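Mind assembling these two chains? They're in different frames, but the hints should get you there.
Protein chains in written order, with this note's numbering: chain A, 104 to 196; chain B, 890 to 1269.
Hints listed in this document are in silico derivations from the structure and should not be mistaken for laboratory results. Please note: incorrect hints may appear among the correct ones.
Only part of the chain A face toward chain B is listed, based on derived beta-carbon distances under 7 Å [said to hold, decoys possible]:
1. G154
2. Y169
3. L172
Keep in mind that this is a model prediction, so the values were computed, not measured. Each residue gets a CB set at the ideal place from its N, CA and C atoms; glycine is no exception.
Listed below are the residues making up each chain.
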Amino acid sequence: MCLAIPGKVIETFEQGGMRMGKVQFGGITREVCLEYVPDVRVGEYVLVHVGFAISKVDEEEARRTYELLEEMDQLTELNAPEVDGIPSRREKP
Amino acid sequence: MKYVDEYRDGKLAANVAQEIRRIQTKPWVIMEVCGGQTHSIVKHGIDYLLPEGIELVHGPGCPVCVTPLEMIDKAHAIARRPDVIFCSFGDMLRVPGSDGDLFTIKSQGGDVRIVYSPLDCLKIARANPDKQVVFFAIGFETTAPANAMLVYSAKQQGAKNVSVLVSHVLVPPAIAAILGSPQNRVQAFLGPGHVCAVMGYSEYEPLSRQFHVPIVITGFEPLDLLQGILIAVQQLESGRAEVENQYSRVLDRGGNKSAQELVFSVFQIGDRKWRGVGMIPASGYHLRPEFAEHDGELRFEVAQIDTRESEICISGEILKGNKKPHDCPAFGKQCDPQHPLGATMVSAEGACAAYYTYGRHLKPEPDELKLTSISSAGAA
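In isolation and in its complexed conformation, chain B is listed as follows (with noise of 0.2 Å):
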């Protein structure tokens, strides 16, 4: 096994859509939470494959897209001074503050450089002793504990020129903020199976009984994906509401414990406020008092900085689930990835880019295109 190509099955897939058809006797609409299983729902077209009636939305599982712009403005401010190199994951490169992009403060001679891993920052501060070594920690819970080592690893060497730029976030707030919103048309989601990977799914639990709400924490992979939707429409159509483990092969109830032991050494959870959501109590990670003298935002004092989101873009009702792409009146007219109006299109994991990328600007809408049948393919 490569535990990929085996999840990828075009005839196994056809089978378990079968198997949802077979089984769904009402109307069903269930959230994706992460913007990993978006991008991998509309690039193998896994809704098309699903029976009318079962709808998928998209959930706020993608933190460059709910990275505020005011944390981004701030981030721009840093990178653009001379005694800074400024680094970041790939994906926040492109995504436009107030005023351009990374890339553009790069083009104009700021020192900005794309990490792979969080630890490059550390052999980038080592040759670089007389400049200031920042790093953009954004993310999830899957992305913490690589975030954590950095900060953790600064201070053990004490490498005093190595600061972070926090603005992590949480899942399972969101889904509360989701669930507790009068508007809700959500009544199963597909969990973050990388999110649990670290955080496991015990957090899960009370909001699947305070909500009532199936949570299926679920793979990445096409058929990681059909059999989430699968288990998720078997307990919507038996009444019941429980969190299963579809990705048993990478989490169990408990996650990591070392990692998750880390995580807490380095961040306490605070407010955040989501682009496109707004603020969400207890929605994030911020950095211990203890790892203050590495905190990108104390050393610079980068003012308060007022932004303004466009007056058309519709993506805070698409990350709550409320609405879709094609519901907005820009989306691959004046807002596509090259010139992103808001939150679901700066990233190629939004739901809006994911859409765009996969040619869904020039069809008709998905349920238009949905098969009344499957046969064909389950016959294939």
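So that you can see chain A by itself, here it is in the shape it has in the complex (with noise of 0.2 Å):
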């Protein structure tokens, strides 16, 4: 019920005084209400919740959040140990 997706913003426009916008979700591409993302430009992700734009994704931030998982990819392949050269199974500690 909460499901919201996101998708990119790729043309706005005016109807019945509200700001809505075309938003592209993979090959889909759905109206959607803008009222509550004032801000945001064609071009940038919003988060849609039941035909409402509820947020902007900040790209920023999902790329800080990725690479602090690829940083723990990167640890674990260090702390993998090795058995004659050949990285082995993580043990229990």
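Next comes the structure, spelled out in structure tokens:
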């Protein structure tokens, strides 16, 4: 019910005094109310719930979170013990 | 970045699970609040990736589930009227009332329509000026801006044939009710990311302080959930209890101010009854008196309806995190998504329905399946 999907704003327009936009989700494009993201621009990503953009998706924050996760990946690989030069499965500590 | 696929990377997920395993020394019980998170956890088997001793319990954050039976009966009484076009989100149509569901009413000639957005009701009302268009305005804080915009626009446009049947609930009072219960087992929460996209997370800070409980505002993809659990376990292991935001790509502490402004111009806070849980003070939204002409409950004067819930169903205990679907003798037997006995089976986001959909009524309890080591997954 609180499902919200990120999509890319490809067009903005006015309709009945309301700021609307076309938002692309993969191959599907839908009309979305943009009243709650007044500063959004074409090309930016918004999070859409029941036809309303409820927030913008912050690309820098998204990248930062992802990089943290990737760092964890590198650390795990560095921590993996090696046996005869072949990385082995990590045993339970 | 497309903000979806990146957060479903199996290798990274296994690494986060391994990190949780590395730092965990004691057993902990963590509740994900939102039904969307429950669905994602069960769908992706996140709980199976966790080490023994980390137990996820499923919270009350499914608005379809917690909509009281008498409200559903009221909706059905209105939807049966020949002068009404009854509009709803799709997930409410299968929820049984005391006498059938909205699909039954539709098959018997009632004009029941599924809408994608509440604003669709304005178009339907313009095209049908001789009919009353009634929208079933349910949801948590996430959905309130959309439902508020319908009411606000209907008033602005003088759309007198539009009204709403409001059954709106709020997350923080439900968390307070769970933590205040003497039976409470929950030691940390994954907070509802999309509710907080609208409301921000400052209102969770007093809860975290008062009950000394970590609350990690978390997204919905597998990596979001695992990272949220990792942050919660880090706090629990170090004895900290703070509000942290895992979902920073979507929200900040203040939330969406323009959405909050419209929500509070249309709604005011009041008591609400939660199916399976009971009355929680100041736990929902009601229309402000200035919007009374669009209040479906007043317009149709549906009499108070007495209802009875199943005596076997334990959904109330499940919603509070005290029990799991497998603890119920009816789960997967007398009770399934086609014949739900109570709140947690009526919507795909209810814990019982999610467990059933992903075949867990056919398997042993999740704890028995938990990996004693995720090293094989971690090395993938």
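Each hint tested on the structure:
no., hint, in the structure
1, G154, "3 Å, holds"
2, Y169, "6 Å, holds"
3, L172, "5 Å, holds"
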